[in-house]
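Got chain Z; can you put chain E on it based on the hints?
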Amino acid sequence: MSIDIRNLSFSYGSLLALEDINLTLQEGRFNALLGPNGAGKSTLFALLTRLYALQSGDISIAGHSIAQHPAQVMRKLGVVFQQSTLDLDLTVAQNLYYHAALHGMSKRQARPRISEQLARFDLQDRLDEKVRHLNGGHRRRVEIARALLHKPEILLLDEPSVGLDPATRESLNQHIRQLCQTEQLTAFWATHLMEEVQSDDLVTILFKGKVLASDTAAQLCQQHRCADISSLFRSLTGVTE
Amino acid sequence: MTFRDLLICFNGLLQRELLRFIHQRSRFFSALVRPLLWLVVFASGFRAALGIAIIEPYETYITYEVYIVPGLCAMIILFNGMQSSLSMVYDREMGSMRVLLISPMPRPFLLLAKLLATSLVSLLQVYGFLLIAWCWGVEAPLWGYLTALPAFLMVAMMLSAIGLFISAKIKQLENFAGVMNFVIFPMFFLSSALYPLWKMREANEWLYWVCAWNPFTHGVELIRFALYQQWHSEALIIVCLVTLVASVLAVTGFQPQQGMGKRSR
Chain Z
1 MSIDIRNLSF
11 SYGSLLALED
21 INLTLQEGRF
31 NALLGPNGAG
41 KSTLFALLTR
51 LYALQSGDIS
61 IAGHSIAQHP
71 AQVMRKLGVV
81 FQQSTLDLDL
91 TVAQNLYYHA
101 ALHGMSKRQA
111 RPRISEQLAR
121 FDLQDRLDEK
131 VRHLNGGHRR
141 RVEIARALLH
151 KPEILLLDEP
161 SVGLDPATRE
171 SLNQHIRQLC
181 QTEQLTAFWA
191 THLMEEVQSD
201 DLVTILFKGK
211 VLASDTAAQL
221 CQQHRCADIS
231 SLFRSLTGVT
241 E
Chain E
1001 MTFRDLLICF
1011 NGLLQRELLR
1021 FIHQRSRFFS
1031 ALVRPLLWLV
1041 VFASGFRAAL
1051 GIAIIEPYET
1061 YITYEVYIVP
1071 GLCAMIILFN
1081 GMQSSLSMVY
1091 DREMGSMRVL
1101 LISPMPRPFL
1111 LLAKLLATSL
1121 VSLLQVYGFL
1131 LIAWCWGVEA
1141 PLWGYLTALP
1151 AFLMVAMMLS
1161 AIGLFISAKI
1171 KQLENFAGVM
1181 NFVIFPMFFL
1191 SSALYPLWKM
1201 REANEWLYWV
1211 CAWNPFTHGV
1221 ELIRFALYQQ
1231 WHSEALIIVC
1241 LVTLVASVLA
1251 VTGFQPQQGM
1261 GKRSR
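Top to bottom, those sequences are chains Z and E.
Taking this note's numbering, the leading residue of the first sequence gets 1, the next gets one more, and so forth.
Taking this note's numbering, the leading residue of the second sequence gets 1001, the next gets one more, and so forth.
No lab work stands behind these hints: they were computed from the structure.
All the pointers check out, no bait thrown in.
Rough simulated footprint, nothing fancy, chain Z against chain E, three-plus residues with beta-carbon under 8 Å: (1) 1007–1014; (2) 1019–1033; (3) 1099–1108.
Below are the EDC-like pairs computed for lysine to aspartate or glutamate, each with C-alpha atoms no more than 20 Å apart in a straight line: (4) Z:K151 <-> Z:D122; (5) Z:K76 <-> Z:E183; (6) Z:K151 <-> E:D1005; (7) Z:K210 <-> Z:D20; (8) Z:K107 <-> Z:E129; (9) Z:K76 <-> E:D1005; (10) Z:K130 <-> E:E1017; (11) Z:K208 <-> Z:E19; (12) Z:K107 <-> E:E1017; (13) Z:K76 <-> Z:D58; (14) Z:K76 <-> Z:D4; (15) Z:K151 <-> Z:E183; (16) Z:K76 <-> Z:E116; (17) Z:K76 <-> Z:E27; (18) Z:K107 <-> E:D1005.
Computed from a predicted structure; not experimentally measured.
Built from N, CA and C at the ideal position, the CB exists for glycine as well.
One chain only, chain Z, in its complex shape:
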């Protein structure tokens, strides 16, 4: 199950945010989208999740065009947004049941899935706790558990580690990698932090709305004769982290 982006451009009025993006994600792998703030990552995610309407180009997921078959596409997508979208006044369970209902799952259908996902993230004891009382790391985990509730085949994560301490960031990153391995999940992880990328990840470097490079991190480093992803990023964009 993969995402195929063809000739995608998007502008906010006269400001071009994305320019002729072409990209194919690797199935069942951890795909990283690397770019500084303002590169166009969130715009790309908004287009992938249909929050923005396509202006030109096309996105297809598992062969279905996002514009023509939105329902089929959205069923296969799980999304974790950059800003938290949990309802702070509701409990973890209430937030998860709400998401399940939006995907047509009754409470009876959702209950075992919620237990399964929360157990996976070691949050089963927090079911009846208000989200407001959870720390940032736990909230993020709840959001990922929520995104996986309807068993999507592709998980989009827009800077999911923003605002988290290094240890939590690392564990979250490892967790998603594990899911890719065990569940054949295709993850698309947007970040501006180089340390979240590993050498065998498919990396797409987005800068000022353009794709500068897209291949595995190791291949890209080899092609551009860079020691690591950080120096590759610097040499391609001229931006220091």
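Chain E in isolation, oriented as in the chain Z frame:
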């Protein structure tokens, strides 16, 4: 996509709105303060100045308090409808619109289901107000409270759909103050909520016609008649037509990027 999926989705939306309502009790009480001020303070002051002749649907002379209660119910619905519609366009509720819009259900269904869910919840405030008004001595026929329920709901849908449409179309109305000055107050004052239209006609023919064309007037009259167990076919037809047109325009004109584009790139 089956009917069952849609039903589950709507049920989830409604439950969430109810839970939010329960969690925000202070908002509930503060929303009651406004109409109660009108009823207790304004109406008491105006009672002496403004006598109401016998007009339909009332069978006898009524006090001014009795006259303005249906209009104040519509006012609660108006404020709630505009507030929730505005938050749908400008994503004020902690990104909850994003969660809603990534659902695989058809987008027009999601928007209308959300409008219906918030409309149903705003009825709780209306009945809260009617209960206090009843304690204050403003009573409608007992069955009227039940026959008014569909009228409340229809008016709530109409006003939410109008709210969603104008929030999506008029960029200058991106905050509630703007909506209050340019939508809520003109709609409320240029209607039959506070004074019968014949009184307005005596004062100014032009203003009378503006009031007569205001959909809110027909919403108020629909509620007024339903509360006294009477039909008002003209108001019913106008409310239905305006709801239909506003819903179609709101749903087709809805662009989530309008509220989100400014926040993230």
